[in-house]
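4 protein chains.
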Amino acid sequence: MIPRYSRPEMVALWSAETRFHIWFEIEAHALDAMAAIGMVPASAPQAVWAWWATKPAIDVAAIDAIEAVTKHDVIAFLTWVADHVGEEARFLHQGMTSSDVLDTALAVQLARASDILLADLDALLAALKRRAFEHKFTPTIGRSHGIHAEPVTFGLKLAQAHAEFARCRSRLEAARADIATCAISGAVGTFANIPPSVEAHVAAKLGLTPEPISTQVIPRDRHAMFFATLGVIAGSVERLATEIRHLQRTEVLEAEEYFAPGQKGSSAMPHKRNPVLTENLTGLARLVRGMVTPALENVALWHERDISHSSVERMIGPDATITLDFALVRLTGVIDKLLVYPERMTANMNRMGGLIHSQRVLLALTQAGVSREDSYAIVQRNAMKVWQSDGALQLRDLLGADAEVTAHLGPDALDALFTLDHHMRQVDVIFDRVFGPHG
Amino acid sequence: MIPRYSRPEMVALWSAETRFHIWFEIEAHALDAMAAIGMVPASAPQAVWAWWATKPAIDVAAIDAIEAVTKHDVIAFLTWVADHVGEEARFLHQGMTSSDVLDTALAVQLARASDILLADLDALLAALKRRAFEHKFTPTIGRSHGIHAEPVTFGLKLAQAHAEFARCRSRLEAARADIATCAISGAVGTFANIPPSVEAHVAAKLGLTPEPISTQVIPRDRHAMFFATLGVIAGSVERLATEIRHLQRTEVLEAEEYFAPGQKGSSAMPHKRNPVLTENLTGLARLVRGMVTPALENVALWHERDISHSSVERMIGPDATITLDFALVRLTGVIDKLLVYPERMTANMNRMGGLIHSQRVLLALTQAGVSREDSYAIVQRNAMKVWQSDGALQLRDLLGADAEVTAHLGPDALDALFTLDHHMRQVDVIFDRVFGPHG
Amino acid sequence: MIPRYSRPEMVALWSAETRFHIWFEIEAHALDAMAAIGMVPASAPQAVWAWWATKPAIDVAAIDAIEAVTKHDVIAFLTWVADHVGEEARFLHQGMTSSDVLDTALAVQLARASDILLADLDALLAALKRRAFEHKFTPTIGRSHGIHAEPVTFGLKLAQAHAEFARCRSRLEAARADIATCAISGAVGTFANIPPSVEAHVAAKLGLTPEPISTQVIPRDRHAMFFATLGVIAGSVERLATEIRHLQRTEVLEAEEYFAPGQKGSSAMPHKRNPVLTENLTGLARLVRGMVTPALENVALWHERDISHSSVERMIGPDATITLDFALVRLTGVIDKLLVYPERMTANMNRMGGLIHSQRVLLALTQAGVSREDSYAIVQRNAMKVWQSDGALQLRDLLGADAEVTAHLGPDALDALFTLDHHMRQVDVIFDRVFGPHG
Amino acid sequence: MIPRYSRPEMVALWSAETRFHIWFEIEAHALDAMAAIGMVPASAPQAVWAWWATKPAIDVAAIDAIEAVTKHDVIAFLTWVADHVGEEARFLHQGMTSSDVLDTALAVQLARASDILLADLDALLAALKRRAFEHKFTPTIGRSHGIHAEPVTFGLKLAQAHAEFARCRSRLEAARADIATCAISGAVGTFANIPPSVEAHVAAKLGLTPEPISTQVIPRDRHAMFFATLGVIAGSVERLATEIRHLQRTEVLEAEEYFAPGQKGSSAMPHKRNPVLTENLTGLARLVRGMVTPALENVALWHERDISHSSVERMIGPDATITLDFALVRLTGVIDKLLVYPERMTANMNRMGGLIHSQRVLLALTQAGVSREDSYAIVQRNAMKVWQSDGALQLRDLLGADAEVTAHLGPDALDALFTLDHHMRQVDVIFDRVFGPHG
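Chains as they are written, first to last, in full-length UniProt numbering: chain A, 1 to 439; chain B, 1 to 439; chain C, 1 to 439; chain D, 1 to 439.
Incorrect hints may have been included.
Unchecked claim - In silico DSS-like pairs for lysine-lysine, Cα to Cα no more than 30 Å straight-line:
1) C/K136 to C/K337
2) A/K71 to D/K337
3) B/K385 to A/K71
4) C/K55 to C/K205
5) D/K71 to C/K385
6) C/K71 to C/K55
7) B/K337 to B/K136
8) B/K337 to C/K71
9) A/K55 to A/K205
10) B/K71 to C/K337
11) A/K136 to A/K337
12) D/K385 to C/K71
13) A/K385 to C/K337
14) B/K385 to D/K337
15) D/K385 to B/K337
16) A/K337 to C/K385
17) A/K337 to D/K71
18) B/K55 to B/K205
19) B/K71 to B/K55
20) D/K55 to D/K205
21) D/K136 to D/K337
22) B/K71 to A/K385
23) A/K55 to A/K71
24) D/K55 to D/K71
What the hints assert, rightly or not - Derived contacts from chain D toward chain C, CB cut-off under 10 Å, selection only:
25) T79
26) H145
27) V232
28) T242
29) R360
30) Q426
31) V434
Treat the hints as calculated values from the structure; they're not laboratory data.
Ideal Cβ positions, reconstructed from N, Cα and C, are used throughout, including at glycine.
Required output: the full structure, derived from the provided sequences and hints.
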C-alpha cells in the first residue's frame, strides 16, 4: 500500500482496528447463537456485549504484544478480550477454529471493499455518461492501428468505455457474491463441535451467505475469482487511460488531462503538460493485474488447508482493493474534468485529404457494377497518391479526374460520398443500446 | 497445442476448416440480411447458398496461397469463395470489415469451446458425486498444514471438490455469456455502411447476442474475463490433483490413481506406481493460468483497435481451451477410477495415539469450568507426550492419569470424547447443502 | 506453436526426430563410457554405433505405438532401438533413469535454441547499428509522456535499442550457460549404479557441463532463469515495436513499416498502411512473457522430483523459443527496411513554436542571476501562450517582447538558445559508448 | 510492505529519509562536477555541502507539503533545500532532469538492497552447508513423484539446496550489476545542457557505472531483469520450503521446524505442530513472483519515456526486496534450527519391504544375461506383491523364492543387492562438486 495511491475509506477498512472490530462481531454473534441452543450460558454473550457497549478502544499494541508471545493472532485477540470481559469470556470461540474468524472477517472486508469499488464504478459510469452525451455528436476520427480509419464521435468513444465499465460492474457484483460467505464450521469443517445454526446466525448478522462446505477454510477459488475480476477491471482502466494518453500526444492533442494552476509538468521543461494521471493509471493497472496470479496460486492448498495463502492475502487484499479504488476515483476525475478540443479533432480528421471516405467510394463503385477487386484497385491507386502527398491532394479531386471512376459515379454522386453525417446515422441507435432508450 | 494433451473434438473446433466454415456462415447470413433490406440483390445470397449446398470442400491450401499474396486472411477467403461462386460473390462483405468476421467467428468458437468445457465439468461433477456418496461415511483424517487435525470423511473431500467445480461451472456459464456476442458494425463500429439489422440477423442465426457497442472489434475485456475464468478453473484442477498426489505418497497411500496393466512406472525402478496423471494435471494448470495475463494485457488496444491481440488469441484461444478440456477429462478419469483404501485411512488416522480428539477434551474441560488457558495447557501438556512417543502412548490413557483432568472428567466422560461418530454428525447436513436434499 | 509465427530451423529443433536423435546420442555416448570402465562389454557400443552408422530413419510412429502400450516414452524409444540393434541393446540405459536422457536432451535443445536466438540477436544488432549510423544526425523530437520535449536524433533512438539488445544478448549467453548442463546420475542422483565418469563423457561429447548435483532431474531454477530471460528480451522487443507503432501514427508518420506491393492494409479501407508487424510483435511479446510464470512455478518440484514440470516444458520449450525466434527475425526485418521520413521529423519538431527550447532559456535566465523559481515562472508564462496558440506563436518572439527576459538576455543571446546543433554536441560521445570508439 | 514480513534494515533503505538523503548526494556531487568545469561558481557546492555538514534533519512533512502544491517531488525537495541553503542553491539541478535524480537514486537503492540480499544468501548458504555436512551420511529415502525411490542422504538434499542458492547468488550479482548504473544526461538523454563528465563524477562517487545511453530514464529492461531474478530466487525459496513442509507431514515426520516454548499451533487443537514458517515462505514466494510481470510490462515505455513505470516501482521496489529479504532470513532460521529425525528417516525408508532396492536387482539380472524386458517383468512381478502387502512381505524373500531369479542370482549375490552403503559411494564426490574439494 502506497499512501500516495490510497484513499482513506479503503485504507481504514484494512486497519487493525477494523479487523479486530469484525473479529469481535463474529465471536460475539457466534456466542449469541451458542447461547440460543444452550451450548453456553446466556450470561456469556450478555457479559461480552455489555463490555462492547462501553465502546472500548481496541488496543492494537496490547494485542500485538500478546501475539508476540503466543505467535497466534486470534488467541492473542481473545486473550485481550478476556482480560477486559472477565470470566464469561471463556465461552467465546468454543468449538470454533481461528479460520472461522479469519476467513469470515476477510469475507466481510472484501465485501465492504467491493461496495466501495461498486460506488467508484457508479461514479465513473456517471462521469462517462455525462461526457458521452456532451460529445454525442462531436466528430472525431476513428483510428485502427493508430491510422485514421473513418469518422466516429467522441461520445461514442466514451459510450464504449461506459459499456465496458458497466460490464465490469456486473462482474464485480458476481465476484462480491462469490466471496461474501461465512464459515463457522470448526477445525476441519465438520461442525463437530459447533452446529451449523451458529454459522447461519453469524452469516445473517454480517450480511453473508453460509459457505456450503468448508474445510477449516473458505475455499480459495472464491478469492481467486475475486482478484481475477479486479485484474480485468484494471485492464479496462488501462484501456481508457491509454486512449487519453494517445489523445494528449503533442501531434494529436484532441484532449488533455486537466492541468491545475501551480502544477509543474517538468522540472526541466516548463512548457510540458503531461498526461501523468493516465500514465500513472497504466502503472496502477499493472500492479492490480500482478496480483491475479498469486491469488490463482493460492487455490491449491494442501488437504483441508495450509496457511500459504495467508501472507499473500495480507498483501494483496489491501493492495489490490486500495490500488483499484484509487485508480477508479482518479480515472473518474480525469474523465470528469477532461479538456476536450473539438476543433482539433476536426482538423486532424481532415488532414488526410478525404482518405477517410475511401471505403464509401469502394462500396459505391461495387454497387455501380465494378468488381470488388477492380474497385479496390481503383480506390487504392488514388488513395496512395493522396497519402503520399501528405494532405496536399484531396481524394475527391483525384477521383473526379479518374475516368474509371467517373464512368460510374457523377460529380453529385461523388460529393455525396464525402459527407460526415453519413457516419453519424446510427449514433442514436448505439446510445440507446448502451444507455437505454431514455438515456 | 500439444497432441498428447489434446482431444479431437476441441482440436477440430480450432481447425482451419472449422474457422472457414464459420466465416462462410457469417458472410452468408449477413448477405441474407442485406438482401432483405435491398442493399444487395436477392440473387446474391441465392448464388452463395446454392454453392454452399453443394457441400464444397474447403481448400485450405488454396486460401493460404492467396493469403501469401494479399497478406490478408479474410480477403483471401473471400477471393477463394468468389472463384467458386462467381459474379454474385462481389456483394459479400459489403460495408463490413474483416473484424466483423474474425471477432464474430472467434465468439462462435469460444462459445462452442465453452459448451465442450461445460460438458466436461458435468462429467467431472457426476464422477465426484458418485464417489462422494460412495465414501460419504468413509472416515479419514482431516489435515491442516499437512498435520493430522480431526476426522472427516473421504466423501466430504469429494463433496468439497464438487461444490468447487459447481462454482466453476457457474463462472464458465457467465464467461460464455460474456464472449458470445456478434459484431457486424463496419470499419469503426458506426454501422456507417451496414445497418444494425444485419448484425441482429447474424447474431440470431449463430446463437449470439449483438455487441451493444463495438469499435471495429469486440472489446477485449470480454475475452480477458473468459481466459481469467479458465485460469480459476485450472486452479481448482490443481487443487484436486494436489490432494490426490498427497494421498498417493508412499507414507500416506490412502488412494491411488488407477494403474493399467502393462503400464511402467519407472524405467529404472519397477515397483514404482506414481501419480503421474495428477502431476501432469498440476503442470497443465500452470499452462492455463499462464495464459491469463496475456489475455489481460490484450484489453488495452489502441483507439478503436490495434491488432496486437490477434497473435495472442491465435495461440491462447486453442491452447487454453484444448488444454483445459484435456485436463478436465483426465481429472474425471482419475476420480472415476481412483483406487481408495479405507483401511489405510483408518490406520493413518489412528497412528497418533488419539491426538485427533484433543480439541473435544479441551472443550469438555472448559465446559466443566476450567479456564480456557488452563484447559489448553493441560491438554497440550499431555498431547506433547503422545506426540513425542510417536504413537506409542495414547492420549486417553494419559488424560485418565492426570489429576487435573480427572477432577473434572470421569472415565465415561473421557471415553465419550474419543468416539468417531461425533465427527460425522453433520455429514448429512453438509451433503444436503452441496447436492441438494434429494442428492 | 503457430505455423505463421514460426521459422523452420527452430521448429526442426523441437521435432520428434531431433529429440530421438539427441536421445540416441546420449544413450550411445553413455554406453561408450560404460564400456570404457568395463560396466558393459565393448561389443555393446560397437553394435549400437554400427547400426547408427547406417543412418536409420527414425520411425516416430512406431515409437509412439510402443509408447501407447508402455505409457513411457524413453522405454518406448529403447524398445524400438533394441528391435533394430538386437541383443547388444540390452546394455543401453543401464543404471540410468529416464530423466538422465530427458533432461540432458532438453539441455541440448535449449542450448541449440539459444544459439539460434543469439544469431537472431546478432542480426538485429547489425540492422540497428546500420540504421543508427545512417540516421546518426537526423534530428527528431524527443518525447517524454508522448509530449514534445527536446531534440534528439533518430540514430540515438536506434542506438538505445542497440544497447538494450546488446544487454539482452549478454543475458541470453548467461542463461544459455545456466541450462547447458548434463545429468547422468541415476534414479535419485546418487550415481549409485552409474559412475560420474559416464556423465562427464556425455557432457563433453554434447558440449555441456556436468550438473554438480542432480536429484534424478536437473534443478528447474535453471530453466526458470532461462525462460525469465526470454521474457525480458520479449519486453525489449515490445519496447522497440511500440516505438515504431507510435512513429507510424497518422499524425506523427515519421517512419513506416515497409509496405509490400500487392499488400492490402484493410479489406474495407484501401488507403490504410498499418504497422501490423510491430503490432504483431507486441502480441508475441505478451505470449513469451506469459511463459515466465509457469517456468517459475516449475521450480518447486516435490522432493527429488515430480513430473509436473514436464507438460509445462513440452509446451513452453518450443513455444517460447519458436515465438521469440520469429519475433526477433521479424523485428530485424522491420528495422532493416523501415521507411524513415526525416522531413516529417523536422516538421513535427518545429510545430510547437520553439517550445522545445524552453529549458535552455530557463537555464540561461538562471545563469544570468534570476532565481530558479522566477525563471521557471517567466518561461512557463510565455510557453503556455505558445502552447495555447497551437503553433501560431513562436516562443522566441514572445520572449523577445517580455521585459523580464530582455532585462537579462539580449537578442543574440536569445537567438543562440534556439539552435539545434546544441542538442547534438554529445552524439559522438554517446555513439562511442554504445558502439565503441571505432563504431 | 507488511510489517510482519519486514526487517528494519531493508525497510530503512526505502524510507523517505533515505531517499532524500540519496537525492541530496546526487545533486551535490553533480554540483561539484559542474563547478569543476566552471558551469557553476565554486561557491555553490561549498554552500550546499556546508549546510549538509550540519547534519540537517530531513523534514519529510515539509517536503511533502511543498509537493502537495507543486505536484512534483524533485522540485519540492529542491525547494526545501533552497529554503535552507539560500541563494547558492539555485545552481543545483542545472541542466538536469528529475529522472536523473530519481533513476540514479533508485539504482543506489536497488544496489544496496542487493547487498543486503547477497548477505542474506551468504547466511543461508552457510546454514545449508553446516547442516549438509552434519547430515552428509544420514540415510533417508529419495522420492520421485512422492513415492519411495532409492536411498539418498539428508545431507545431499541440503547440498542440492546449497548449489541452487549459490546459483541464485551469482544471478543476483549479475542483476545487481545490471541495475547499478547512473544517468545524469538531461531531459532526453542528450547531455545537451550537462556534459557527461558530471555523470561520470556522480557515478564514481556512488559506486555506479555510467549508463551508456539513457533517454531521460535508465532503460527498464535492467529493472525487469532485476525483478525477474528475484522471482527466480523466490522459486528456489519455495522449493526448499516445500521440501520441509513435506518432511513435517504427520505420516512422514522426518524433520520439523523448531517449535518455540509457549508457541500455540492451533487455537482449537493443542497438539498441533505445524510447518507454518515454510508455509508462509511458500506464500511469500508467490508474492515476489507476482511482481515479475509488472516489471516486465514496465519495459515498453513510450518514446524517450513515460511515467507509467513509476507507480509500479514505488510498490515493487520496496515490496519485492523487503519480502525476499525477510523470506531469506526466515528460511535461514528454519534451516539453522531444523529438527531432524534420522531414526524416522530410517524407519520410513525400511517400510517398503526392500522395494527401494528393486533397480539393483533389475540391473543384476540384466548383467546376468536376462533380457531387459524379462528382467523388468520378473522384478515388477515380485515388487507388486510386496507393494500390495504394505510392508508385510520383503522383496529379498520373494526373490529368493523365485526360480527365475535364483537361476541367475545366488543368495549371497542377492544379499549384496540390498545394502545401503552402495547408495552412498559417491556422496564424497558430489560434496566435492558442490562445496569444493576442501569443503
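A quick look at each hint next to the structure:
1. C/K136 to C/K337: 17 Å, holds
2. A/K71 to D/K337: 17 Å, holds
3. B/K385 to A/K71: 22 Å, holds
4. C/K55 to C/K205: 19 Å, holds
5. D/K71 to C/K385: Holds - the C-alpha atoms of C/K385 and D/K71 are around 22 Å apart, at most 30 Å.
6. C/K71 to C/K55: 27 Å, holds
7. B/K337 to B/K136: 17 Å, holds
8. B/K337 to C/K71: 17 Å, holds
9. A/K55 to A/K205: Distance ~19 Å between A/K55 and A/K205 Cα, so the pair holds.
10. B/K71 to C/K337: Within the cut-off at roughly 17 Å; holds.
11. A/K136 to A/K337: 17 Å, holds
12. D/K385 to C/K71: Status holds; Cα separation ~22 Å.
13. A/K385 to C/K337: With Cα atoms ~21 Å apart, A/K385 and C/K337 stay inside 30 Å; holds.
14. B/K385 to D/K337: Roughly 21 Å between the alpha carbons, so the hint for B/K385 and D/K337 holds.
15. D/K385 to B/K337: 21 Å, holds
16. A/K337 to C/K385: OK: A/K337 and C/K385 at ~21 Å, within 30 Å.
17. A/K337 to D/K71: 17 Å, holds
18. B/K55 to B/K205: Between B/K55 and B/K205 the Cα gap is close to 19 Å, so the pair holds against 30 Å.
19. B/K71 to B/K55: Within the cut-off at roughly 27 Å; holds.
20. D/K55 to D/K205: The hint holds at about 19 Å.
21. D/K136 to D/K337: Holds: D/K136 and D/K337 sit about 17 Å apart, inside 30 Å.
22. B/K71 to A/K385: 22 Å, holds
23. A/K55 to A/K71: Given that 30 Å is the threshold and the Cα spacing comes to 27 Å, the pair holds.
24. D/K55 to D/K71: 27 Å, holds
25. T79: Constraint on D/T79 satisfied, holds at 8 Å.
26. H145: Where the cut-off is 10 Å and the nearest Cβ of chain C is about 5 Å from D/H145, the hint holds.
27. V232: 5 Å, holds
28. T242: Holds, about 5 Å.
29. R360: At 7 Å from the nearest chain C Cβ, D/R360 passes the 10 Å test, so the hint holds.
30. Q426: 4 Å, holds
31. V434: 5 Å, holds
Checked against the numbered hints listed earlier, the structure breaks none of them; every hint is satisfied.
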